[in-house]
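Engineer: Listed below, chain by chain, are the residues.
Protein chains: 10
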Amino acid sequence: MAKPNAAETLEIFDNPAPGRDYEILHVAHEFTSLCPVTGQPDFATLTFRYVADAKCVELKSLKLYLQGYRNEGVFYEALVNQLLDDLVDVLAPRSMEIVGEFSVRGGMSSVVTARFPDGTP
Amino acid sequence: MAKPNAAETLEIFDNPAPGRDYEILHVAHEFTSLCPVTGQPDFATLTFRYVADAKCVELKSLKLYLQGYRNEGVFYEALVNQLLDDLVDVLAPRSMEIVGEFSVRGGMSSVVTARFPDGTP
Amino acid sequence: MAKPNAAETLEIFDNPAPGRDYEILHVAHEFTSLCPVTGQPDFATLTFRYVADAKCVELKSLKLYLQGYRNEGVFYEALVNQLLDDLVDVLAPRSMEIVGEFSVRGGMSSVVTARFPDGTP
Amino acid sequence: MAKPNAAETLEIFDNPAPGRDYEILHVAHEFTSLCPVTGQPDFATLTFRYVADAKCVELKSLKLYLQGYRNEGVFYEALVNQLLDDLVDVLAPRSMEIVGEFSVRGGMSSVVTARFPDGTP
Amino acid sequence: MAKPNAAETLEIFDNPAPGRDYEILHVAHEFTSLCPVTGQPDFATLTFRYVADAKCVELKSLKLYLQGYRNEGVFYEALVNQLLDDLVDVLAPRSMEIVGEFSVRGGMSSVVTARFPDGTP
Amino acid sequence: MAKPNAAETLEIFDNPAPGRDYEILHVAHEFTSLCPVTGQPDFATLTFRYVADAKCVELKSLKLYLQGYRNEGVFYEALVNQLLDDLVDVLAPRSMEIVGEFSVRGGMSSVVTARFPDGTP
Amino acid sequence: MAKPNAAETLEIFDNPAPGRDYEILHVAHEFTSLCPVTGQPDFATLTFRYVADAKCVELKSLKLYLQGYRNEGVFYEALVNQLLDDLVDVLAPRSMEIVGEFSVRGGMSSVVTARFPDGTP
Amino acid sequence: MAKPNAAETLEIFDNPAPGRDYEILHVAHEFTSLCPVTGQPDFATLTFRYVADAKCVELKSLKLYLQGYRNEGVFYEALVNQLLDDLVDVLAPRSMEIVGEFSVRGGMSSVVTARFPDGTP
Amino acid sequence: MAKPNAAETLEIFDNPAPGRDYEILHVAHEFTSLCPVTGQPDFATLTFRYVADAKCVELKSLKLYLQGYRNEGVFYEALVNQLLDDLVDVLAPRSMEIVGEFSVRGGMSSVVTARFPDGTP
Amino acid sequence: MAKPNAAETLEIFDNPAPGRDYEILHVAHEFTSLCPVTGQPDFATLTFRYVADAKCVELKSLKLYLQGYRNEGVFYEALVNQLLDDLVDVLAPRSMEIVGEFSVRGGMSSVVTARFPDGTP
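Heads up: the sequence lines are chains A, B, C, D, E, F, G, H, I and J, in that order.
The first sequence begins at 58 in this note's numbering and counts up by one.
The second sequence begins at 58 in this note's numbering and counts up by one.
The third sequence begins at 58 in this note's numbering and counts up by one.
The fourth sequence begins at 58 in this note's numbering and counts up by one.
The fifth sequence begins at 58 in this note's numbering and counts up by one.
The sixth sequence begins at 58 in this note's numbering and counts up by one.
The seventh sequence begins at 58 in this note's numbering and counts up by one.
The eighth sequence begins at 58 in this note's numbering and counts up by one.
The ninth sequence begins at 58 in this note's numbering and counts up by one.
The tenth sequence begins at 58 in this note's numbering and counts up by one.
Worth flagging that the hints you see were computed from the coordinates, not collected in a lab.
There's no promise every hint is true.
Pairwise CB distance ranges (calculated) [said to hold, decoys possible]:
id : chain 1 : residue 1 : chain 2 : residue 2 : range
1  : A       : G130      : H       : P174      : 48 to 58 Å
2  : I       : E115      : A       : L121      : 22 to 32 Å
3  : I       : D110      : H       : E129      : 45 to 55 Å
4  : B       : T102      : I       : E68       : 23 to 33 Å
5  : B       : G130      : I       : E115      : 39 to 49 Å
6  : I       : G130      : A       : Q97       : 49 to 59 Å
7  : D       : G76       : A       : L121      : 47 to 57 Å
8  : B       : D71       : G       : E65       : 36 to 46 Å
9  : I       : E68       : E       : E68       : 54 to 64 Å
10 : J       : I69       : A       : E68       : 47 to 57 Å
11 : A       : G130      : I       : V94       : 26 to 36 Å
12 : H       : E129      : D       : A111      : 40 to 50 Å
13 : B       : E65       : I       : P93       : 22 to 32 Å
14 : D       : E65       : E       : E68       : 48 to 58 Å
Computed cross-link-like contacts, DSS-like style, restricted to lysine-lysine with a CA-CA straight-line distance of at most 25 Å [unchecked claim]:
id : chain 1 : residue 1 : chain 2 : residue 2
15 : A       : K117      : I       : K60
16 : F       : K117      : C       : K120
17 : E       : K117      : J       : K120
18 : D       : K60       : D       : K120
19 : F       : K120      : C       : K117
20 : G       : K120      : G       : K60
21 : C       : K60       : B       : K112
Calculated Cβ distances over 10 Å to all of chain B for the following chain A residues [to be verified]:
id : residue
22 : A64
23 : D78
24 : T95
25 : G125
26 : V131
27 : A149
28 : G163
29 : S167
In this text, a Cβ means the ideal position worked out from N, Cα and C, and glycines have one as well.
Build out the structure end to end from the sequences listed, making use of the hints.
Structural biologist: See the structure below:
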């Protein structure tokens with residue numbers, strides 16, 4: 058899997074309420090990448106839910122980072138884990154969950170969910 | 058962020074059942090403010106859920122207080138935390154949760170949730 | 058708030074399975090009363106959920122009791138607590154929860170929830 | 058309440074996986090009986106959720122057993138408890154929950170829920 | 058019940074993030090088999106939710122394995138338990154849940170749910 | 058098909074606005090009869106849409122008339138045409154349409170529509 | 058039927074675009090009156106669709122006029138025709154349609170539709 | 058395309074109201090056949106809408122006739138036209154429309170509609 | 058009513074297919090203005106449907122033009138007619154329809170529809 | 058606008074029922090292209106409805122043709138007209154309609170509809 062450069066693309070800003078454990082949730086309704094086997098387009102809705110520590114992710118930079126996958130071949134399971142690794146690296150959140158809901162292919166749809174710190178959903 | 062004056066705008070009345078821990082929930086379906094970066098309008102649904110102690114917030118004054126943000130530039134994360142600070146100051150509730158659900162921008166929607174007393178959602 | 062006479066209106070019947078803790082839920086979709094400030098009509102859906110002890114409330118008498126509020130002015134928070142007090146008096150249930158979902162007024166809707174025995178929702 | 062003969066109507070078959078605690082759920086969307094007071098038809102959706110021990114209920118016999126109530130007068134609270142008693146007698150399940158959702162009458166709808174072994178929902 | 062050969066049909070690939078307990082969910086919206094009694098077609102939606110250990114199931118092979126039931130007679134309860142046995146054999150997952158939601162027959166619909174390791178839902 | 062006696066059951070009242078061609082629509086959500094072949098219950102939603110001339114049908118009598126089919130065996134196509142014949146006899150409407158929407162049986166649902174005066178839908 | 062005084066309650070304002078045939082539609086979601094036979098409350102959604110000539114109806118006065126029916130007994134068919142007569146008297150519209158959608162009673166719901174100038178829907 | 062034998066499978070009965078042009082509509086929610094190119098299963102909802110002349114199609118025989126396509130390879134466009142040819146042959150209806158709504162394949166869904174007598178939809 | 062300057066705000070571009078009568082539809086989901094009587098915010102969804110002649114309206118400039126009403130007091134009926142006048146002035150379309158759907162106020166919602174060239178909806 | 062080569066990509070097959078005017082409809086749920094001004098991704102659902110003459114479009118080739126726009130900048134109005142021109146060239150249909158429904162951008166969504174032969178929608 059080619060990997061968009063998270064460190065260069067994602068922008069952060071200071072958490073306006075670091076003294077409080079509150080939840081931030083961003084939903085990207087229009088994610089698209091390519092199937093690494095067939096090269097056909099895949100479509101997904103991605104949900105990012107986190108409790109910030111010192112830093113929040115800037116929304117537009119998150120959108121641009123995700124657009125970096127538009128022409129990359131990537132497996133569902135690998136994508137969600139890669140996104141979590143990248144965002145944890147950049148934000149060092151208190152906790153984070155990423156959910157990828159992938160469109161129907163051959164009568165089957167898929168959802169992959171990963172969390173930081175680790176824990177069975 | 059410019060800040061509507063909560064102390065002057067919000068009105069309260071005596072909790073009619075202070076001997077009971079019951080839940081009050083108000084949903085403001087038509088909140089609008091401005092993006093602090095671009096000046097473009099933002100739209101959100103705001104949910105206030107609380108257990109009153111001695112005081113309840115009067116519904117019309119809550120609406121007017123929220124209208125005070127109509128022409129103010131404010132970040133999502135800062136807004137929800139500011140609302141929680143203001144309402145806790147005025148009501149001293151036993152507990153309160155505020156959820157802001159923000160409209161789609163660039164294919165992405167956001168939800169910010171904060172609670173008093175503090176606690177990860 | 059004027060108060061319909063619960064003791065005279067509500068009818069009861071013997072719990073057919075007093076040896077079992079089972080749940081009874083009645084939803085009144087067409088509740089209406091008046092705003093105590095403006096005199097304008099208010100509309101709500103009321104949900105009654107309880108575990109009976111010796112007595113169950115008869116459904117038609119519950120409907121008539123609720124119709125007693127049709128021309129009474131009553132605040133949301135006071136109404137739900139009054140209903141709970143009345144029904145607990147008449148039924149002495151093992152537990153009961155009442156939820157009032159009030160129609161949109163000025164772009165805002167409200168939900169009030171109370172429980173017996175007392176407990177934060 | 059007249060009572061369809063559960064022992065004669067309900068058929069059982071051997072649990073194909075008795076070594077595993079798995080859940081079986083049947084939903085009867087078209088239940089109808091009569092109001093014991095007015096003789097008017099009542100309509101309900103009934104849900105049966107259970108963990109089998111040695112025996113499972115055969116689906117068609119369950120349907121026929123429920124059709125036995127078509128012209129019987131029966132109160133909501135009594136019906137759901139009777140169904141639970143009958144099915145527990147015949148199946149001896151590890152656990153079972155029955156939910157009856159009754160159609161709107163006079164602007165009010167009702168749901169009755171009972172469980173074996175006993176426990177407040 | 059005739060049994061499609063899971064060991065020959067299902068393909069696996071290495072879990073791309075074995076160090077993390079994350080959830081994978083596949084939903085097969087178009088499952089069909091035959092009723093073992095009447096020979097009539099049955100239709101279901103099947104949901105597979107698991108936490109992988111060393112291996113993930115390849116999505117297309119899962120689809121083909123399920124198509125192997127197209128002309129087999131199989132009871133609901135037996136099918137879901139068979140699927141769970143087969144997938145646990147091939148994947149050795151940390152945990153897995155399979156839910157079969159079967160279409161309406163005679164006004165009744167059914168859902169069967171099984172889990173590994175064993176546990177009442 | 059046994060036939061409830063429409064002339065004796067249906068009640069009428071004077072059209073309050075005979076000088077105007079306006080539409081009256083009644084929807085019976087809980088119709089049930091029996092299959093004339095198998096004796097199994099059938100369920101349907103029936104819609105009556107008409108322009109009254111001198112007479113309107115009284116709603117409660119229409120409900121009672123429909124309940125007369127509860128234990129009668131009747132084919133879909135015959136039922137809807139019988140209802141139309143009966144109501145046209147009693148009301149002599151300017152026009153009338155009856156639609157029967159029948160529940161799923163064996164994966165198939167049906168709708169039968171007849172009109173007075175005659176005309177292809 | 059008692060009749061609220063339309064001439065005294067309804068307020069009008071000058072059509073801002075009398076040179077254009079455009080459509081105005083108001084939907085009253087919370088109409089309630091009484092059944093003239095049983096005295097029980099009825100609930101309806103009323104839709105007013107018209108093309109103004111010289112005058113438009115002021116929205117708040119329409120709401121107050123409709124509230125005048127809160128404690129009046131009135132048949133569905135008579136109500137809709139009365140509303141149409143009243144509004145045509147006050148507004149002299151180029152055309153108008155009124156639709157009353159009445160809540161379920163005894164498993165049956167009703168819709169009554171009248172138009173000015175007269176015409177079968 | 059292999060062709061189920063319509064003349065042998067479809068059963069008819071006498072139209073109970075041949076003097077009236079009324080509409081009969083059957084919806085088969087669970088049609089499945091095979092893709093003639095890949096051999097993969099296809100799924101569709103089929104709608105049959107017709108005005109009978111002397112004969113009506115018996116519902117169960119229609120279901121069995123459609124099941125005859127379960128293991129046949131057939132293109133969407135050819136299937137709908139074949140069904141129309143077969144049913145017109147057997148029923149000689151006054152008019153008939155058949156609509157096939159096919160499940161998503163590769164992010165694309167399809168609907169094919171044919172009518173007798175011929176006419177652009 | 059204060060009037061945003063349409064001629065200065067709205068931008069146009071050349072119709073890419075002037076030889077064809079095709080339809081363009083833009084929906085503004087987040088329109089807000091003020092009530093000219095109370096100064097309270099109003100909310101609406103506005104739909105613009107037109108057949109272009111030589112010119113199309115640029116989407117972003119349409120959004121900015123609509124934002125010009127954010128702090129203006131304007132009646133529903135006047136607003137929709139003003140929008141139609143402005144857009145017809147700037148675009149000279151072959152035809153255009155504007156629909157304003159306004160949020161619930163006091164239990165009532167409204168829709169105003171105007172067309173060019175003039176015609177009753 | 059860069060233009061995928063329709064003549065080379067689109068494949069056709071013989072209409073299986075050229076003697077009948079029947080309708081074929083394909084919906085592409087996952088179309089994506091780029092905004093020609095900002096380079097940002099656009100998303101749309103495209104609907105193709107046509108009556109074939111001698112030729113039908115093969116579904117998979119249509120999907121591939123549409124994927125050719127994935128990295129092309131194209132205006133909404135130009136895209137829909139280009140698609141119509143290309144498909145009419147290749148298929149010479151008796152009639153065709155193409156509808157593009159574009160995702161929300163800045164609180165506004167758009168739909169463009171074109172037809173062959175020409176005609177205002």
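Engineer: Look at each hint and say if it fits the structure.
Structural biologist: Hints, one by one, checked against the model:
Separation of A/G130 from H/P174 is about 52 Å and conforms to the stated range, judged on CB atoms against 48 to 58 Å. The given range of 22 to 32 Å is respected by I/E115 and A/L121, whose C-beta atoms sit roughly 24 Å from each other. Under the hint 45 to 55 Å, the C-beta atoms of I/D110 and H/E129, about 52 Å apart, fit the expected range. Between B/T102 and I/E68, the C-beta spacing of about 32 Å keeps the proposed range 23 to 33 Å intact.
In this structure the supplied range 39 to 49 Å is violated for B/G130 paired with I/E115, their Cβ-Cβ distance being about 25 Å. Checked against the hint of 49 to 59 Å, the C-beta distance between I/G130 and A/Q97 comes to roughly 53 Å, which is consistent with it. At about 53 Å, the CB distance of D/G76 to A/L121 agrees with the hint of 47 to 57 Å. Checked against the given bound of 36 to 46 Å, the beta carbons of B/D71 and G/E65, roughly 39 Å apart, stay inside it.
A hinted range of 54 to 64 Å holds for the C-beta pair I/E68 and E/E68, which are about 55 Å apart. At about 49 Å, the CB distance of J/I69 to A/E68 agrees with the hint of 47 to 57 Å. Here the CB-CB span from A/G130 to I/V94 is close to 60 Å, at odds with the stated 26 to 36 Å. Distance hint check for H/E129 and D/A111: the Cβ-Cβ separation is about 43 Å, which falls inside the suggested range of 40 to 50 Å.
With their beta carbons about 26 Å apart, B/E65 and I/P93 fall inside the hinted range of 22 to 32 Å. A hinted range of 48 to 58 Å for the beta carbons of D/E65 and E/E68 is consistent with their spacing of about 50 Å. In summary, the hint linking A/K117 to I/K60 is not supported, as the alpha carbons are separated by about 33 Å, beyond the 25 Å threshold. Of the pairs offered as hints, the one joining F/K117 and C/K120 holds, with about 20 Å between alpha carbons and a cut-off of 25 Å not exceeded.
For the suggested pair E/K117 and J/K120, the alpha carbons sit about 20 Å apart, so the restraint of at most 25 Å is met. Straight-line distance between C-alpha atoms of D/K60 and D/K120 comes to about 15 Å, which keeps the hinted pair within the 25 Å bound. The straight-line distance between the Cα atoms of F/K120 and C/K117 is roughly 20 Å, inside the 25 Å bound, and the hint therefore holds. Under the criterion of a C-alpha separation no larger than 25 Å, the hint pairing G/K120 with G/K60 is consistent with the structure, at around 15 Å.
Taken as a hint, the C/K60 and B/K112 pair is honoured in the structure, with Cα atoms around 23 Å apart against an allowance of 25 Å. For A/A64, the condition that its CB be more than 10 Å from all CB atoms of chain B holds, with the nearest at approximately 21 Å. A cut-off of 10 Å between C-beta atoms contradicts the statement that A/D78 is not in contact with chain B; the least separation is 4 Å. Here A/T95 stays apart from chain B, with its beta-carbon at least about 25 Å from theirs, past the 10 Å limit.
Listed as a non-interface residue, A/G125 keeps its Cβ farther than 10 Å from every Cβ of chain B; the least gap is roughly 15 Å. The Cβ of A/V131 sits about 19 Å from the closest Cβ of chain B, beyond the 10 Å cut-off, so the non-interface label holds. For A/A149, the non-interface assignment is confirmed: its Cβ lies about 16 Å from the closest Cβ of chain B, beyond the 10 Å cut-off. Interface exclusion of A/G163 from chain B stands, the closest Cβ pair being 26 Å apart, more than 10 Å.
No Cβ of chain B comes within 10 Å of the Cβ of A/S167; the nearest lies about 21 Å off, and the non-interface call holds.
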